[in-house]
Amino acid sequence: MAFLEIKDVIKDFGGLVANSNVSFQIEEGEIIGLIGPNGAGKTTLFNCIVGYYSPDSGKVLYKGNNITGLKPFQTNQAGIGRTFQIMKVTTGMTVVENVMVGAFCRTDSRHQAREEAFEILRFLGMEGMGEQYINELPIAMQRKVGMARALATKPQLLMLDEVASGLNHTETDEMVVLLKRLNTEKNITLFLIEHIMEMVMAVSQRVIVLDGGIKIAEGLPQDIVKNENVIKAYLGEKYAKSH
Amino acid sequence: MEKLKDALDFSDFSSAERIGLIIFSIFLLVFPWLGAGSFVKAVMIQFLLFSLFGMGWNTIGGYGGQVELGKAQYVGIGAYTVALLMVWWGIPFWISMPIGVLIAIGYSFIIGYPLFRLKGHYFCIATICTSLVLQDIFTNWKLVGAAKGIELPIHEHPDFLYMQFKSDNYYYYFIMVLFYCALFYMNWFRKSKLGYQLRMIKDDDEAAESLGIDIRWCKIKAYSIASAFVAVGGGFMAVYNLYIDPVSVMDLDLSIKIALMAMLGGAGSLWGPIIGAAFLVPLDRFLGSWLGGHKGLIGVDFMIYAALIMVVSAYQPRGIWGIIEQFRGKGK
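Protein chains in written order, with our numbering: chain A, 46 to 288; chain B, 151 to 482.
Hints in this document: simulated from the structure, not taken from any laboratory. There may be inaccurate statements among the hints.
[Stated by the list, open to error] Derived pair list, reagent style SDA-like, types lysine to any residue, alpha-carbon separation capped at 20 Å: (1) B/LYS352 / A/MET138; (2) B/LYS371 / A/GLN119; (3) B/LYS343 / A/GLU160; (4) A/LYS116 / B/ASP355; (5) B/LYS343 / A/THR139; (6) A/LYS133 / B/LYS269; (7) B/LYS343 / A/GLU164; (8) B/LYS343 / A/HIS214; (9) B/LYS341 / A/TYR178; (10) B/LYS341 / A/ARG155; (11) B/LYS352 / A/THR139; (12) A/LYS116 / B/ARG366; (13) B/LYS155 / A/GLN119; (14) B/LYS341 / A/THR139; (15) B/LYS343 / A/SER154; (16) B/LYS155 / A/ARG155; (17) B/LYS341 / A/ARG159; (18) B/LYS341 / A/GLU142; (19) B/LYS153 / A/ARG159; (20) B/LYS343 / A/GLU176; (21) B/LYS341 / A/PHE163; (22) A/LYS116 / B/TYR263; (23) B/LYS153 / A/THR152; (24) B/LYS352 / A/GLY137; (25) B/LYS155 / A/SER154; (26) B/LYS371 / A/ASP153; (27) B/LYS341 / A/LYS116; (28) A/LYS133 / B/ASP353; (29) B/LYS352 / A/PHE129; (30) B/LYS153 / A/SER154; (31) B/LYS352 / A/MET132; (32) B/LYS343 / A/ARG155; (33) A/LYS133 / B/ASP355; (34) B/LYS371 / A/THR152; (35) B/LYS371 / A/TYR178; (36) A/LYS133 / B/GLY270; (37) B/LYS371 / A/ARG155.
[Stated by the list, open to error] Ranges between beta-carbon positions, derived for each pair: (38) A/GLN130 / B/LYS269: 44 to 54 Å; (39) A/GLN157 / B/ILE176: 51 to 61 Å; (40) B/PHE259 / A/ASP153: 44 to 54 Å.
The structure displayed is predicted, hence computed values, not measured ones. We put the CB at the ideal spot given by N, CA and C, even for glycine.
With the sequences and hints as input, model every part of the structure.
Written out as structure tokens, the structure is:
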């Protein structure tokens, strides 16, 4: 039994097929990268798994349970956390309050939620930022807040949507370290959409490639960069040659 | 116990706010002995009543960010339950008021369930409609007095069972106690799980959903709490005025006033509805009595009233409390 199993998922936005018969499996404890050019259907696939969209056909199985068509709050309660590509920059709540909302998913006590929130902020190296508002933080930190509050819901599977976009080189390296720590120390299975190839190659144990809504390749990072279909669709000759 | 502690704990406010609350509380306590006339006393009672309404509205409207303009129907439910149960079966206030609140909660679930399929403007319009429909039903329903309304039978004064008094002082202290119950409840509410979840929904509902929050259920719960609050106020209105009709307790005007006061004061903050009521209730009353009576000046009070609201909301969407926080350099 796979940890997460996607079976023939189809999502059709009135003629625009965003996902077409996508199937793959993720095992517990893996770090999987999902790549593909713009408009390949990566975020749509995420939304189909988490429940923002209901697939037109196909199945999503999580730990053997059919979670197809469940609402996002239900999949979250089942143990799937996600972050968003774009963080809404709001001024209503401080960073720690944002993370506390995540923690409230598993507890009713405010004190416990607050403790857990600070613990997660410490883990992410954001101790001093608890009382700041999201709009006061740089973009890299805003995304980390998104990660922190998803982590606070204690997910077993964390789905990260372009968590490293807009980061500079050092920040990307730090993110790679952080993701590996999440995987090993907290035993969280990671499934990430990423544009930055260096990062995908550095962090993923396996890579799935989407193009035009179709899965065109799946395999080890070093094989993916040599895969002809992938080179054509996404990486370009230049990148393939240089590696 | 932790809940009670949270309700009575104001320590996360600045010392200026806490001192302000203490001075304000002392003022409320001694107010009836300051020699104010009956008109001023009536204004104070109105102020406390509308603070209570506003605090209730603040759960769904302020913390939850849902512009709700149908609270009058729950004022009506609270008021009519108290009045009718007394007229029909002589049931005392202390029994009929909780019944009214329970009916309001039940009704709010029935109304809230379909209502919260809607978002934004559509939700707002729907709340107005449901309230208007109920008002129309009561206006035409002979059994409940139709448009003529209901007069409550007068009892010997003072009657604590039916809450009927000659002196306004009794009513004043009674509504003051209700006001403090509401204030402490709201102080707990803003720190509760539901309070946090609602603020998240207001900020970013997509993200809220991804954090295990059942948005619709949260909104329904907050809507019911708000309804319970205003139903208590409605019950008070019945015994205070001793006469209710669909216009006095169910009008759209009342719904708008409730929302307006909370929004003008500062929706989503503990003090906002109180400040809004402290500002608008006297303004409404005094302007009305000073200007409304003069020939040729009829309607001028409404113009001033409206202009002030526009000025404040144009300057700071978070209301008067937002302006105060801006000056203190807090919150952006």
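Violated constraints from the hint list, given by number and in increasing order = The structure breaks hints 8, 13, 27, 35, 38, 39, 40; every other hint is satisfied.
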